[in-house]
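Please model the entire structure based on the sequences and the hints provided.
There are 2 protein chains.
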Amino acid sequence: MRIKIGILGYGNLGRGVECAIRQNPDMELKAVFTRRNPADVAILTETATVCPVSEAEKWKDELDVLILCGGSATDLPVQTPRYAELFNVVDSFDTHAKIPEHFANVDAAAQKGGRTAVISVGWDPGMFSLNRMYANAILPEGSDYTFWGRGVSQGHSDAVRRIAGVKDARQYTIPVESALAAVRAGENPELSTRQKHTRECFVVAEEGADLAGIEKEIKTMPNYFADYDTVVHFISEEELKRDHSGIPHGGLVLRSGTTGWENEKRHLIEYSLKLDSNPEFTASVIIAYARAAYRLSQEGASGCKTVFDIAPAYLSAKSGEELRASLL
Amino acid sequence: MRIKIGILGYGNLGRGVECAIRQNPDMELKAVFTRRNPADVAILTETATVCPVSEAEKWKDELDVLILCGGSATDLPVQTPRYAELFNVVDSFDTHAKIPEHFANVDAAAQKGGRTAVISVGWDPGMFSLNRMYANAILPEGSDYTFWGRGVSQGHSDAVRRIAGVKDARQYTIPVESALAAVRAGENPELSTRQKHTRECFVVAEEGADLAGIEKEIKTMPNYFADYDTVVHFISEEELKRDHSGIPHGGLVLRSGTTGWENEKRHLIEYSLKLDSNPEFTASVIIAYARAAYRLSQEGASGCKTVFDIAPAYLSAKSGEELRASLL
Chain H
1 MRIKIGILGY GNLGRGVECA IRQNPDMELK AVFTRRNPAD VAILTETATV CPVSEAEKWK
61 DELDVLILCG GSATDLPVQT PRYAELFNVV DSFDTHAKIP EHFANVDAAA QKGGRTAVIS
121 VGWDPGMFSL NRMYANAILP EGSDYTFWGR GVSQGHSDAV RRIAGVKDAR QYTIPVESAL
181 AAVRAGENPE LSTRQKHTRE CFVVAEEGAD LAGIEKEIKT MPNYFADYDT VVHFISEEEL
241 KRDHSGIPHG GLVLRSGTTG WENEKRHLIE YSLKLDSNPE FTASVIIAYA RAAYRLSQEG
301 ASGCKTVFDI APAYLSAKSG EELRASLL
Chain L
1001 MRIKIGILGY GNLGRGVECA IRQNPDMELK AVFTRRNPAD VAILTETATV CPVSEAEKWK
1061 DELDVLILCG GSATDLPVQT PRYAELFNVV DSFDTHAKIP EHFANVDAAA QKGGRTAVIS
1121 VGWDPGMFSL NRMYANAILP EGSDYTFWGR GVSQGHSDAV RRIAGVKDAR QYTIPVESAL
1181 AAVRAGENPE LSTRQKHTRE CFVVAEEGAD LAGIEKEIKT MPNYFADYDT VVHFISEEEL
1241 KRDHSGIPHG GLVLRSGTTG WENEKRHLIE YSLKLDSNPE FTASVIIAYA RAAYRLSQEG
1301 ASGCKTVFDI APAYLSAKSG EELRASLL
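Protein chains in written order, with this note's numbering: chain H, 1 to 328; chain L, 1001 to 1328.
Treat the hints with caution; some may be incorrect.
Unchecked claim - The list that follows gives simulated cross-link-like pairs (lysine-lysine, PhoX-like), each with its CA atoms no further than 20 Å apart:
# : chain 1 : residue 1 : chain 2 : residue 2
1 : H       : Lys219    : H       : Lys4
2 : L       : Lys1219   : L       : Lys1167
3 : H       : Lys4      : H       : Lys58
4 : L       : Lys1318   : H       : Lys98
5 : H       : Lys219    : H       : Lys167
6 : L       : Lys1167   : H       : Lys318
Since the hints were derived computationally from the structure, they do not count as laboratory data.
Here it is in structure tokens:
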């Protein structure tokens, strides 16, 4: 009996979840729910069904876990509480500041329905959060650092695209090497926003556009760019397509701490990710937590959980005996 | 009410545990149990008692967790099952091949006594195991690599010391940079023992000893050195004391894997540790799991657990709300 999975929302993340399921023989994709016309949505899995999202609720006894692949801004705050009452669910809600509120809403719904929900799964929040937490528990005296990149920021790319005269754009977030070196050297630097990351934009301008004006508008844009050193490159549409069509990302979590009676010994814990595809890696983390959600639910658990609340063994298809013998 | 801790065995690890307790205000050291004459054992914590190990059992209702700081070869296989029946315990049993047997023995004892035991806690086994396991669950298609060092191997140092004509010695295990670079480049190399690590020995010879003979005996020693490229330096006793009295260690766990419908996307997960003091870092991990053992026991759990079986939040002194707000 394989774990029966549904996907709600079939964009980059939904497709990534579909691919991840294929790598896990104990799971199968049963249905994809879409807001588009199902006839227009071509999925990769021949044995799964594409349904309108309005029919999702009818599947509540057919699926073991429903993966919610919508966006954090407007989709998930509504969808996760709604479906957590009917299904075991996993989402990748990533608006860090609103996680407590989202947790409370989802928890109430999942408790009511007797289901297990896992929120904020992916790499940040997700694997980066786990590494921050473990490192803090192990080294209570120390400093935390998170660096993102080199990778594409969708939000910043969109912000550049909204500028008049910009046809298309891709923005990369890049850690500042000297800052990283100072952290690794145990200097515990206090780093400003500008000192931690630079931003690099590849912009396709419309013909006859004011390039200097666009560059200035990018570099002075509040919140998105004004606090960073930003480099702007104008390139052709062909170059953008050829060199910047991927969605790579990654980053590092570091904790630099001390031990000893007089804090005389230094330690550095570093976790890093280099990802060819941000959505596919996020999807792979989600699928491991879908297994956990299913098992917890089988054990009678209900309510909302995060990566902090789930014992690692629940993520693996291997038994406790196998894990102890092969990976401990 | 602080968590009351006992330490059994007061060597480098036991002293590290004592220091780690001081960094965690929700814990206090109550007693140290030693096989030596208690009058000869000077501990750092003024409020704790030093007792002969024969009296440990009398403390069974006075301690929340007993930390077993003996060696894996002969101490822990006897001590952990024995004390797991009476106390919640944590050990750092690190003979990987014998973990399944140790787990079974400790589990039976802890079940019988209604106590919680956590075995094989530290960084390898321990944090490295966790990272291997998470990375395998997330990227089921990929290759695992563990590198150790640069750091002092106690076992290899001891092996060199046993050679006739050797007064003292320190052995460092060092990852081969080119092998690490190939892994990071996603080449998924198959690496022999020799290709992964080199060994570097600093040897103080007795006066008039046959240096060439010692060097040859080291380099051809089965299991310890014969399968590695080994460099031997003869130094003075003063140099050894000045430059090699620390116990640094560390290493890296990497998983290189693929995602996508045709496995066309590559990802690299890397976890690394750089530790000034191997025993103090191990002790810091142990103390976080001591908190977990105490809490699990309070919840009514019993039996043997490993790092795979314990939800991360149990390690932290922070509440779930605090963790979600600050570290997720």
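Status of the hints after comparison with the structure:
no. : hint                  : verdict
1   : H:Lys219 x H:Lys4     : violated (48 Å)
2   : L:Lys1219 x L:Lys1167 : holds (17 Å)
3   : H:Lys4 x H:Lys58      : holds (15 Å)
4   : L:Lys1318 x H:Lys98   : holds (19 Å)
5   : H:Lys219 x H:Lys167   : holds (17 Å)
6   : L:Lys1167 x H:Lys318  : violated (48 Å)
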